[in-house]
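**Student:** Hints are included, so try docking the two chains, each in its own frame, into the full complex.
Going down the list, the sequences are from chains A and B. Quick note on my numbering: the first sequence kicks off at -13 and runs consecutively. Quick note on my numbering: the second sequence kicks off at 410 and runs consecutively.
Here chain B is said to cover these stretches of chain A; the calculated rule only asks that three of the stretch's residues, wherever they fall, bring their Cβ under 8 Å from a Cβ of chain B: (1) 86 to 93; (2) 173 to 180; (3) 206 to 219.
Here are a few chain B residues that face chain A, going by a calculated C-beta distance under 7 Å: (4) Thr481; (5) Pro526; (6) Met716; (7) Phe719; (8) Leu721.
It should be emphasised that the hints constitute simulated quantities derived from the structure, not laboratory data. Glycine included, every Cβ here is placed at the ideal spot set by N, Cα and C.
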Amino acid sequence: MRCGSLPGGKWLASGGSSGGSAVAVAAGMAYGALGSDTGGSVRNPAALCGLVGLKPSYGLLSRTGLVSLVNGMDCPGVLARSSTDCAALLAALLSGGADPSDSTNYPGELEDMSPLREGSVEGLRVGVPAEYHCAGLQAQVLGAWRRVADLLADGGAQVEQVSLPHTPYAPSCYSVLNTCEVASNYTRYTGVEYGLQVQSDHSMEAQYALTRAAGLSQVVRDRILAGNYFLLRSNCDVYLQQAMKVRRLIKQDFDAVWRDGVDVLLTPTTLFSAPPPELFMVKNYSELTYLQDLCTSPTNLAGLPALSLPVGFSAAPSQNDPNTNEFLSNELQARNGSDDNQCNLSGTDVTGGEQHIEGLPLALQLIGPYGHDKRLLQIAKYLEDALDIPKLVLQELL
Amino acid sequence: MLLRLPSATSTIRQCIKNFSVAHPKTSVLSDAWIGVVGLEVHAQINCSTKIFCRSPNQPNAPVNTCIGVFDTAHPGTLPVLNKACVEAGVITALALNARINPVSYFDRKHYFYPDLPAGYQITQQRVALAENGLLSFVVLPPDGAAPYVQQAQLLKLQLEEDSGKSIYSSKLNKVLVDLNRAGVGLMELVFSPCLSGGAEAAALVRHLGQLLRRLGVCTANMNEGALRVDANVSVHKAGSPLGTRTEIKNLNSIRSLREAIEHELSRQVAVLEDGGVVVNETRSFDQDSGTTASMRDKEGLQDYRFMPEFNLPPLRVYDSGAGDPPSSSDCIDGTELRKRSSSVPLVTPELLEALTQRCQLTALDASALIMYGEMCRSFLCMVDQFCGPGDLSSAQANTAEYAARLLLHCHQHVLPQHLQDTVTERVDSSQLWSCAQLVQRNHLRYDRAKEVIARIALHSDARSPQQIAEAENWIQSIDDAAIDAAATEAVYANPVLVEKFLRREGNLKKQQRPLKGLVRYTLEALRRDNDSDVSKRDGEVEASKRDGEVEALKRDGEVAASKRDCEVEASKRDGEVKAPKRDGEVEASKRDGEIEALKRNGEVKASKRDGEVAASKRDGEVEASKRDGEVAASKRDGEVAASKRDGEVEVQGGKGPVKSIAFYEKDDVLTRQGLNRLTVQLLGKDKDVNAIEDAVRKAIHRSSQKN
Chain A
-13 MRCGSLPGGK WLASGGSSGG SAVAVAAGMA YGALGSDTGG SVRNPAALCG LVGLKPSYGL
47 LSRTGLVSLV NGMDCPGVLA RSSTDCAALL AALLSGGADP SDSTNYPGEL EDMSPLREGS
107 VEGLRVGVPA EYHCAGLQAQ VLGAWRRVAD LLADGGAQVE QVSLPHTPYA PSCYSVLNTC
167 EVASNYTRYT GVEYGLQVQS DHSMEAQYAL TRAAGLSQVV RDRILAGNYF LLRSNCDVYL
227 QQAMKVRRLI KQDFDAVWRD GVDVLLTPTT LFSAPPPELF MVKNYSELTY LQDLCTSPTN
287 LAGLPALSLP VGFSAAPSQN DPNTNEFLSN ELQARNGSDD NQCNLSGTDV TGGEQHIEGL
347 PLALQLIGPY GHDKRLLQIA KYLEDALDIP KLVLQELL
Chain B
410 MLLRLPSATS TIRQCIKNFS VAHPKTSVLS DAWIGVVGLE VHAQINCSTK IFCRSPNQPN
470 APVNTCIGVF DTAHPGTLPV LNKACVEAGV ITALALNARI NPVSYFDRKH YFYPDLPAGY
530 QITQQRVALA ENGLLSFVVL PPDGAAPYVQ QAQLLKLQLE EDSGKSIYSS KLNKVLVDLN
590 RAGVGLMELV FSPCLSGGAE AAALVRHLGQ LLRRLGVCTA NMNEGALRVD ANVSVHKAGS
650 PLGTRTEIKN LNSIRSLREA IEHELSRQVA VLEDGGVVVN ETRSFDQDSG TTASMRDKEG
710 LQDYRFMPEF NLPPLRVYDS GAGDPPSSSD CIDGTELRKR SSSVPLVTPE LLEALTQRCQ
770 LTALDASALI MYGEMCRSFL CMVDQFCGPG DLSSAQANTA EYAARLLLHC HQHVLPQHLQ
830 DTVTERVDSS QLWSCAQLVQ RNHLRYDRAK EVIARIALHS DARSPQQIAE AENWIQSIDD
890 AAIDAAATEA VYANPVLVEK FLRREGNLKK QQRPLKGLVR YTLEALRRDN DSDVSKRDGE
950 VEASKRDGEV EALKRDGEVA ASKRDCEVEA SKRDGEVKAP KRDGEVEASK RDGEIEALKR
1010 NGEVKASKRD GEVAASKRDG EVEASKRDGE VAASKRDGEV AASKRDGEVE VQGGKGPVKS
1070 IAFYEKDDVL TRQGLNRLTV QLLGKDKDVN AIEDAVRKAI HRSSQKN
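The shape of chain B in the complex, shown without the other chains (with noise of 0.2 Å):
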């Protein structure tokens, strides 16, 4: 009565084959010396109440409250197991393709702890729920190697309960006990020693996390205590026999777990190259100084005097789907729990391959994708249906890079638990292809291409992501010369901030401030640019329509013409035109096109300050300069333009700047995520702020031969 999928069992033997080829190595040590690891796992199950009673389990609850009677050990008491935890084990055991012990049993491990109130923990030790399993993986090697897959054996995997919590209070020179955790249940899963070093058991541990959160069984957060790592050590030289192991107990952290493992390899490895011997014994790992120092020894006095725990009767896992009859009515069928067990893949390295040398993903993206068996499939489809059989263009590739990340991201973030698996079907290819294409033309941010999938998965938006971006107008201008021009008004306007750009050259990171700066700049030039789209379009503005201006703008076609002819500087300060006239408390004088000053509540004065003028015009200046002819006038004979160039006009308008001019001054750091805000607040939509930066650093370039 073996509960094994038939078709996986081929699977594994193909797999078995590929694996006799040698890996590359990635341990620390020298070629003599082989390391050899072997982990056990204890994973707690994400269960409501505890495995042998109906106390609560609250990771997080106030101490000793989370207890019963039975978790205190209270004489008369007896355990019931707990369907649900039988139910994860089943999963998880089916998921690692495993076989389901038809009858497992239960002991008790005694010794005596505070934190263990009955004196015995209730495990399996005579035999497991499940036997035989395997996990094959993608290992990242440290030294940036090119990534493999490695399998590791499940020799078993049993249910237990957790113990308590001990605190040590050296001032008061007690143990606290918290029982909270106490009866919590645990799987623990114990695999072959197969591992050559840390950077293995490190990816076998993220992997089996990312699978049993995915299967929903346990949050798998380390730093929580919910994953806990036990690693037995050891080193011998090729050909000679397995040495003697040490085990490093309760490594509570993907990086401790690694690097306790590469200490204790090197430890090993110096102690019999001095002509030492290693002694069986279990290790701590200390973090702060990244060694392991001896616990207690093992295999001396401590006897756990195994016994079966006759309270609970055998555990009976049947299989309906073989044909099996249930020993009774409320026994745990394995046929069902199947259909629970969504289907994990065998990591191959022809996958990998396909993922990695094909689409040419990260290794990154490209272990977390081969961890989805059908999302993956169909993914590698996609790439196949829209880039042909060939190899992949660099666009190409980063479009997949794109859909790669996009459907991870929908995967594990947007879509709840239950809908996880329907991915695929719930996200049409096509619709992932475009959407990732829109992000790699610039057309749209990334993370608003992750709003556009989210709204395909989880409401079924039939329409294209194309679509929805222009609805909900983030589809970015991808207007360079605007955007340039833009820039290059920003450098002029700001000579301090380009002079500290310059002379912060070959820092990187102190250049950042100037440089959000003039990005900033450049956003709120574009943002008047963007005005007059917007007021185009929507023929609105009523302001502006009631003085005739627009309309007397668009008759002309100046602005229309000024935009076409990329006299861009010229027409976006014509831009301000629209900007609405409130209160006409601008006053503005423009003396033969040079410094032109408008004070506004007095906020100019940083502008002031900085020796070149940013003048607000609001308003009713931009009506005079218009009633002028000016606009047209300058446009037509390029003076604007010109002057520009030298740096010395410089034309600040519209309703936001007085605020975000004092914004600018206060604000520290800016950062990406402010800029895109920023970006959105001034333009309504989205620009690539990564872009406007691009094209400020030319801008800048440009002045400084000029200079």
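With the rest of the complex left out, here is chain A (with noise of 0.2 Å):
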């Protein structure tokens, strides 16, 4: 996304993977729009792009269509300027009822459909979760966290912290599951049936392999190697197996948090605004996105409904900041330098990463049990009339 505000018109990475919806919206040339979300690919760029972004519990909406990258955590999600707009949206998908042909789906009698209310949150205990808090998140962010858990406790809400101690499991669970799947969900694109088809005399085989070589991207090859390797009868029980272990433990941190009363967690949906793209650019691509789905991809491996809103903007640098452009000259020294190394995107070296950027969207995530979207987007109404934040006004229908 190019930012004509910003010195040279530079370009701010949207967030993804659902970015073009997002920016669509963010731009005003849709109302409301689709997105997929398996491991925050809806709230991600939502929150990038200041838009609620929604990824509903799973199976409330049909994966009918949906491309299958993970089918345990796949959600069609929705991205919308407000969460009126987003629970008008909602509403309109739910309206045709179960769909029969995806087996998982699971509309029930989970949603009311009637439109948003003003509310109060006078009495809704709210958790902060402790291990959101982590090494990497940027102190606008944080800051920006505090604020609003402020504000909710000011309008009589229960605030408290809370522990979902399996968090940091969460993304080597996510990235087993993930390869595991995909290896599995891509093994269809042979092109003998549809598709790119690379022609060999030599053997069906060659076919494949040549065909699957010219049509899957770099990634999406390290993630079906992976996946395959995991999937191996004798790793099998040590990767997907233990994946899957992990994966019950993040859930049930969940349903002992809600069994101790509490209606809805808040916690970070990124750990920092809007990057620069050049961060994409570095070698190890997969790391910096497991590191991006940190707060968002729990909720993917529980099934819960999770919804990004935005809650203020970035300010401008502080004078007495010394870390600055720290962050991206790191990175492309690492790029620069030598392609075998490994650049170490944990712990600090992202920490460093502040913005200096001012008037970047930054949100929030709130986290409910299995079947309150509803209940989300009602809080979610709450805070923006709450924060008042400015709100793209469309001057003509679309």
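**Tutor:** In structure tokens:
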């Protein structure tokens, strides 16, 4: 996304993977948009583009027609300028009832379709999970997090710190499940029935190999290789089975919190606001992706509804910040220096990455119990009103 | 939450006890070696649509016409489990006394192949639909030894999807793919390795096929691939651990299954006796050479990379009868399905013994009847009821055999699927037994008996089989004397055929033609006899009446008399009298009781060629002779009979002969069915062709002795 207001028309990443949808809505090209959220692909661009992004409870919206990435986590999601728009779109999507061609689709009696009301958060119990306050969290995001928690408390909500102890394992758990399913779901892209086909006179196997080498990107090929490795008979227990156990633990963390009476969790959506695209050109793409999914993927693993909403904008850099541009220069250095070296993006390397760009959207995430999608939207509406975040107003009807 | 028939468990235990005794060896192996065979059977579920989508399942549809977006693995399509396929699986599992798993799961099995568009097959690897069943069946040893009961444990029954079909074109150097079969529901039944050889394996598959067909869950047509078998085969010596096994894939007939296993057993023994090692591999069977050949290493590189199919929630089967609550509205209820799964009896050695020893059924009939619990029970009750507790006489055993066959026929071919289990209610045992008796006593042809039973079963005909058969004019004349006489007549009238028959002595096959020819002549003769019967009974035949002839005869009481006297030839020839006198074209001249040639339309050529006179007498002539009082005369003094015995005089007559004589000449092979048809056509009712054949043989014998 090119920001004309920035010096030199600087480019910023919109986030992803449903970044196109997010940009279209943010630019006023669409009233709202669909995205697909497997590890945060709706909430992440929503956060970076200043939109409301909802990943519904797993199974709430039908996956028919959605190209499978990770069947156990894929969720169609909604991107909109406000929680009111988002609720309207969700109601439209649910109005068709259950989809008989998706066995995991369960709209049930979950959602009431009525428009959002002016509400209060009086008596609402809001949990703030300690584990989301992690290395790499941008100070401005942290600040926003604090402000919103205070705002809720001021509104009469009971804000308390909670613990989701298995959260740190989410990225690796997600990584195994993701690659395994990608390996499986992408076996169909052989070029026999449809799509690119590279001819080979040598053999059927050769034709498969050439077609897949030409048609699938490096990132996908990497995941397929890893996934198949995890799925080997000798490895399956160690990787896939283990990941499924960890997934269960992560889900149980959430269950315990809900059992304690917490209504909703408040966390960051991303660790940082919109980064420059150079960040994505560094060699170790996957590691960065998982770092981006840190706050969003646990809800996919647990199948819970989660909503990202804009809560403010980044401030101008403070004069006494010593780390001016250190983040980017580090990354570029690593990239230009030696391609063989893995650049380490964990820990403080990213922590240092303050953006120093004024006015970028900052976002937080609300997580609710399974089936409480509407409630999240209701709370988001309260915050929107309380924070009075400026919205894009369309001059003409689309 | 076990779905198990409470009554069956004790029977199983009983059954297992019985099996502890050693079975006769049926394998080709020498005594030192023991063959171990385990089967995996893939049964296509007989369902109108595929297992995970709504595409039609039509085995014979044109190539690639039964496919949808899911079958071709288009992105964005998801599997939806077909309830009917699950029900078929549960019904089958219940019939095999298997334990239904309350929760089972679907998994993906990965391999690249063009006929598997998604690159994986959805199957049940972690937890199958059902486990731990039992199948007992009758083994018919190939060497004709006594049949015995064997059993195999069903290790698991899992649901999965079929792949498409690949067709290799060497001309195009291409693999052609037909996806019609892709996604069709399969039940994979894995049996414990407890069989000793090909005969037992064949018996298991035959029995299973019948069972599946009967349950209506699978057509079990092996030649269409609806039932496919993989066999795991190994050999070892008594007391030593099991040997390395090989797997023979895709055996698509019972015969190739048996041959492949027998060949593989001997191959493995040969390898081991030469000091070699059996390699764990997949082998294919070549039907032409009767040998197996290595396809690929099994344990080598093939890794199916199983993983859960997250698109399908766990499959839950509950049991409302056991008080389990349904987990959702359209969940599968085992209790409901048990009502649809006809109870399949355990095949016990006792049952087999009762059928083969006491009732003296053939092994084949017994093994078929034993499949149907209720029918088998009521059959045994019927035998007890009509034969008492002691040993069966040969007539009783014969009757029992016919009864068993009629019952099986009725069950398998007469009643529609949904009524098949009601056969014992629909056919009263006394009706069945008396029908079988009619057959046994030669009063009713077997195929007519099938008809009779069909009417009783289908239309609830309350009449007795005798009444039905009489009404249909199916009761066979058992007037042996009449048959003998007709046969004798035929023999004297056809010296050429007789001579041919005698010349071909020792070649039964070649004798058939002259023999059947004679049978036809005999039938002709009987027909005339029959016509007289009919006309007498009905008092009709207007033509004759108009002439006042029949009346005259009747008044004379001659016909009746002659018959009573068994002056058969004469009376029969007299029977021609009754033939409608239509045109009066025929000139008949009898000269001194010798050759009597009747030319009609020049068709008598044939008879003339034979040098014997087969003269068609029609109408006018008979009148003449009767008017002459010849018949009476000849009868009185036995002249006619005498002359006939000399082979000199032959009189043929009736409305049919012209046509049928020409027919004899042309007809090369006369089949049994053809004769049966002809019998009905000529006589208007049934005669036992066998009996006629016997009579002809006897007549030939007599005449040849005389000469």
